[in-house]
Every structure is written in C-alpha cells, then in structure tokens.
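J.: Residue-level listing of the chains:
2 protein chains.
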Amino acid sequence: MVAMDNLQMTSEKAQFSLSAYLQEHQSLVEAALNQAISVVYPEKIYEAMRYSLLAGGKRLRPILCLATCQMAGGTLEMAMPTACALEMIHTMSLIHDDLPAMDNDDYRRGKLTNHKVYGEDIAILAGDGLLAYAFEFVAVNTSNVPAERVLQVVAKLGRAVGAAGLVGGQVVDLESEGKADVSLETLNFIHNHKTAALLEASVVCGGVLAGMTGEDLQRLSCFSQNIGLAFQIIDDILDITSTQEQLGKTAGKDLQAQKVTYPSLWGIEESKSQAQQLIAAAIAQLKPFGDKAIPLKELAHYITSRTH
Amino acid sequence: MVAMDNLQMTSEKAQFSLSAYLQEHQSLVEAALNQAISVVYPEKIYEAMRYSLLAGGKRLRPILCLATCQMAGGTLEMAMPTACALEMIHTMSLIHDDLPAMDNDDYRRGKLTNHKVYGEDIAILAGDGLLAYAFEFVAVNTSNVPAERVLQVVAKLGRAVGAAGLVGGQVVDLESEGKADVSLETLNFIHNHKTAALLEASVVCGGVLAGMTGEDLQRLSCFSQNIGLAFQIIDDILDITSTQEQLGKTAGKDLQAQKVTYPSLWGIEESKSQAQQLIAAAIAQLKPFGDKAIPLKELAHYITSRTH
Chain A
1 MVAMDNLQMT SEKAQFSLSA YLQEHQSLVE AALNQAISVV YPEKIYEAMR
51 YSLLAGGKRL RPILCLATCQ MAGGTLEMAM PTACALEMIH TMSLIHDDLP
101 AMDNDDYRRG KLTNHKVYGE DIAILAGDGL LAYAFEFVAV NTSNVPAERV
151 LQVVAKLGRA VGAAGLVGGQ VVDLESEGKA DVSLETLNFI HNHKTAALLE
201 ASVVCGGVLA GMTGEDLQRL SCFSQNIGLA FQIIDDILDI TSTQEQLGKT
251 AGKDLQAQKV TYPSLWGIEE SKSQAQQLIA AAIAQLKPFG DKAIPLKELA
301 HYITSRTH
Chain B
1001 MVAMDNLQMT SEKAQFSLSA YLQEHQSLVE AALNQAISVV YPEKIYEAMR
1051 YSLLAGGKRL RPILCLATCQ MAGGTLEMAM PTACALEMIH TMSLIHDDLP
1101 AMDNDDYRRG KLTNHKVYGE DIAILAGDGL LAYAFEFVAV NTSNVPAERV
1151 LQVVAKLGRA VGAAGLVGGQ VVDLESEGKA DVSLETLNFI HNHKTAALLE
1201 ASVVCGGVLA GMTGEDLQRL SCFSQNIGLA FQIIDDILDI TSTQEQLGKT
1251 AGKDLQAQKV TYPSLWGIEE SKSQAQQLIA AAIAQLKPFG DKAIPLKELA
1301 HYITSRTH
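Residue numbers (the numbering used here), protein chains in the order written: chain A, 1 to 308; chain B, 1001 to 1308.
Bound-form chain A, shown alone:
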C-alpha cells in the first residue's frame, strides 16, 4: 500500500509541469494587469504606469500569491486583485529605485527605465499612482472574500512596502553604499526588507484570502522569508556571472559600486550552498500541506535554478 501511495504521488508529481504552470499563470496575470489600467486623460501618467507595469518580468509575486491561495483551498479569482496589486507595488519600487536620486539606472528588464522615457517628475508620480492604485484595486475588486480578510491584506501590503518593509530596506541599502565594512546582519536586514518582505506578503496574502490562520500562516511566512533571502543571494550571484543581455539590466553593477553582497562576503560557491539550504528549510515548512504544495515547492526550486 505504501509503495502504491508513493507510486501515485510520484505519478502526480510527474504530471506537474512547472513551465506549463508558469506560462498559464503568467498569461492570466498579464491579462489582468493589462485590463487593470486604461489610458484616459491625462494619458501620459497612465501610459507611464502601464509602460513599467507591462514591461514583462517573471510575475513571481503574483504567481506566488495565486499558488498559495489555491493551495489553501481558495480560487484564482479570489486572489487575482491582490496578485495584481503586488505587481503594481513591486513595479512602483523599481521605478523609484531606478531614479537618478537613488540607484540611477538607465535600463530595467532590457528597456529604458521609466524616468529615461517619461522624465523624473512623471516617473515619481507613476510610482505614486501605482502604489495608491494597488490599494484601491484590492479594496474594489476582491470578490467572494469576507471584508475582514481583505482588510488584513491591505494591512499586510502596506507594511510590506512601507518603512517597516521595502522602504526601510532601501534606506539601509543607500546608507551602506560605498561602505566596505557592511556586516552580515546589515546585509540580511536590507534583503529581508527590500526583497523578502514583499515575497512574504505575496505568499501570506494568498493564504489569508483563502481563510488560513494561525500556525498555517506562520509556516507560509517562514517559507517565504527563506525563499526571499535565497532569491536575493541568487540575484547577487547572477549580477556577477550573467551578461547584461541575460539580465536585461546593467550587469556587474554591484562590483562596480563596490557593494557588499553575499558573494563578496561568502564567495560564489558558499553563496550557492547557503541559498540551497534556505530553499530546503523553506520547503520543509510546506510538508503539512502535502501534494497541494507541489506548485509552491516547484516555484521555490525555480527561484534557485533561474539564470536571469
């Protein structure tokens, strides 16, 4: 019987195709994002918002949210507005981070950055517009979910992007620039806030929308914080090992800026090993969810095996 069960599980696992899953969910997210913002007067701001929002990208945050909601017994429909909001927030943070007063980047996802196309003023406003719209979008469009849960999502999103999340991480990142003596503790703070906080919100909001509570949410939080940090370690490694063409953004920027990164503290091999350990710890948290967690597990593996 045990052998049969194992066989069945293996066969179910074999049936799961990550690339098909990614493709399907990516195109659902693309369609929803495309529908979310129409171009009306004053056209320039809506075009600027759409330019960055629809510039491609892996849509990892929306997909994590959708996958978690489905794992927890919810539907795609319940999570889609939050999935879109996560991408709006992520896009806003990229637009503002790329500004001359911040990281001063000219390219993002292989395209000119927002301020290079629309000017700094419009880029700042496009970010503000996307951030504000993210909350409006969740509040207005989430259906078949009790209002209390939607409010929890609003709170979680706000916290993930504000000074206790993304913004706080970016501040410490800016303060650490050009310093050679950044500690591991500070580096962890930066990435736990700049990267992991929004990934955590993506996963946990998916669970909240489907009605998860207590220990289950704790497990999701732990899972996503671990993959968030692993994601950043891989990002640091790719900055060294990839070409600009592969990354779609300026490569080798960290080295050039003499930025302390995980590979600069640990070396590339140890960084890879640490990322693998984080992924393993993350996946262990999903055990109680059984086979329903296969998509989330595969997404976690995908994060460590990506080359750009």
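Rather than coming from a laboratory, the hints here were simulated on the basis of the structure.
Some hints here could point you the wrong way.
Stated by the list, open to error - Partial list, derived from the structure: chain B residues whose beta carbon lies under 8 angstroms from chain A: (1) K1044; (2) V1117; (3) D1121.
Claimed, not checked - To give a feel for the contact side, a few chain A residues facing chain B, derived at Cβ under 8 angstroms: (4) D128; (5) F135; (6) A155; (7) V161; (8) Q170; (9) E269; (10) E270.
All C-beta atoms, glycine included, are put in the ideal place defined by N, C-alpha and C.
On the provided structure of chain A, position chain B as indicated by the hints.
T.: Frame of chain A, contents of chain B only:
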C-alpha cells in the same frame, strides 16, 4: 413658536466657537499623528516621515473627516485613523511636489522642505513610506466600524491620491507650466484633482465610517468638491496678496512662474466672488443635516476667510 425656535437656534449657533473647535480637534490630531509613527531602526526614514508630518499645518483634512463623522452620528474614535491617514497622504503629496524634479521648493510651512534636510532619495522614500503607512494605519487601527466600511475608505483614499486624483492633477499642472493659454476647463481639472479630490475624500470618508449612504453621501461629495475648489481659488489669491512670512512658503511663485491661476483669468475681486459662491453652494448642501452641520459650515467659512 417659530420665533422661539429661531432664537434657540441662534443661541446654539452662538455657543459654537470655531476657534475652540479647531484648537481642540487640532491638538487631538497632533497627538494621534505624533503617536502614529515611532522612530526605530533605520531611524533616518522615520525621522524624515515625522519631520514633514509633524511640521504643523492646519490639519484641515483630518478635521473635516472628524467633523463629518460626528455630524453623521459617529465618534471621533471611529474616524481618527482615517483622519491621520489623510494627513499622511497630504504630507506625502507635499514632499513629492516639493522635489527638484517637480516644483523645486526649498520652503514649506516656514521650514526647509524634506529633501533640503534629508536629501532627495530619503524624501522620495519618506513620501512612499507615508503613503503605504496611511493604508496600513487605517486597516489596522480602525475600530468599532464594520470592515466593509473600512474597505470603502481604503478604496476612496486610494482613488483620491492616485492617477484619478492628486497624481493626475499634478501631471496636468506640470504639463500646463509656462503655458499662457491654459483654459478654465484645464485649470478646473487640475484643482478638482490636485486639491478637491482629497478634501472630498476627507469629508466622504467621515460619512462612510459613520454609516452614511446614498443621497447623504452625494450631498457630502458635492459640499466638499465646492469647498475644495473655493480653497484653491483662495490659495491662488493668497499667493499674490500675502508675504512669504505669512504663507510660510515662497510667495508670488505663481506670478514668477507665469502660471495661469484663477486670479490671472478672473482678477482678484471676481475670484473672491466665485469662491464665495462656491461656499454658498456648498453650505446649501448641508441643509438637511440641520444644526449638526454647524461645525462643517463654520469650517467652510473659515476656508474662505483665512489669510495664510
């Protein structure tokens, strides 16, 4: 009997002291704002957020929200988190508008602007942090209000600050800069979005939190859009007639920038008369609410009589 009623009403009206009302509500709002943000690591971002949030100002938006909630039968406690969020959003819009890439202002409320003190990068992030926190704050701290109403407030706030509100108004304002042929229609668009939208949200959210619906909310919306436009006309007039000391910000900036304003289209006297007509139309909307609307009415008069 009618004479008695009138006498009683007059006597009740005489008992209402706007200056006492403003002082009392201002200090409640100041205390709540001061409590809302603690300074923790990384201190700089919280200090920057507090610097602008606690830089004084009339707290007109929070007070409109509190006054409306009370008029509609709600409590101060129900509306205070939203009142604080309105001031966070307003402050964020000032910080971003003052940036070199936008209006490039060095002074605001008699103090150096945020980016002059903390740098452009931190000023952008402080604005982002305040905007995100506004939504978190409402979602987490609003008590004794059904979640559905709080979600309506989140949606209303998001719309008021995004591309359909403040951000859209600022875009058209930037586009109109240096143009001598800006139409009245465009000027109205700018101020209906840049100023009136958030004032409208302040009033309407106060009503929503207290449970108002339908025609009553429509009246509040009409009231606040009218006072929003009147507010802006007065602001334009004050830019011409006040000194920098009185304004606490650079005076005569519109003239210097050759900006089209209501006084430049209508002259100062006609502008004053238009503002008075808008206030009268606004106050007419409050008639069904009777004496309970006295604070809102007096606030509307205060807006047109202010000198800075």
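J.: Now, for every hint given, state plainly whether the structure supports it.
T.: Hints versus structure:
1. For B:K1044, the shortest C-beta to C-beta distance to chain A is roughly 6 angstroms, which falls under 8 angstroms, so the interface hint holds.
2. Taken as an interface hint, B:V1117 does not check out: its beta carbon lies about 14 angstroms from the nearest beta carbon of chain A, beyond 8 angstroms.
3. Interface hint status for B:D1121: upheld, as the beta-carbon distance to the closest one in chain A is roughly 5 angstroms, under 8 angstroms.
4. Because the closest C-beta pair between A:D128 and chain B is about 5 angstroms apart, less than 8 angstroms, the hint holds.
5. For A:F135, the interface hint holds, the least distance from its beta-carbon to any beta-carbon of chain B being 4 angstroms, beneath 8 angstroms.
6. For the restraint placing A:A155 at the interface with chain B, the shortest Cβ-Cβ distance is roughly 4 angstroms, inside the 8 angstroms limit, so the hint holds.
7. Hint status for A:V161: holds, given a least beta-carbon distance of 4 angstroms to chain B, under 8 angstroms.
8. A cut of 8 angstroms between beta carbons decides the hint on A:Q170: the least distance to chain B is about 6 angstroms, and the hint holds.
9. Hint on A:E269 is violated. Least Cβ distance to chain B is approximately 32 angstroms, over the 8 angstroms limit.
10. For A:E270, the interface hint is violated, since its Cβ never comes within 8 angstroms of a Cβ in chain B; the closest pair sits about 28 angstroms apart.
Figure legend: structure checked against the earlier numbered hints; hints not met, in rising order: 2, 9, 10.
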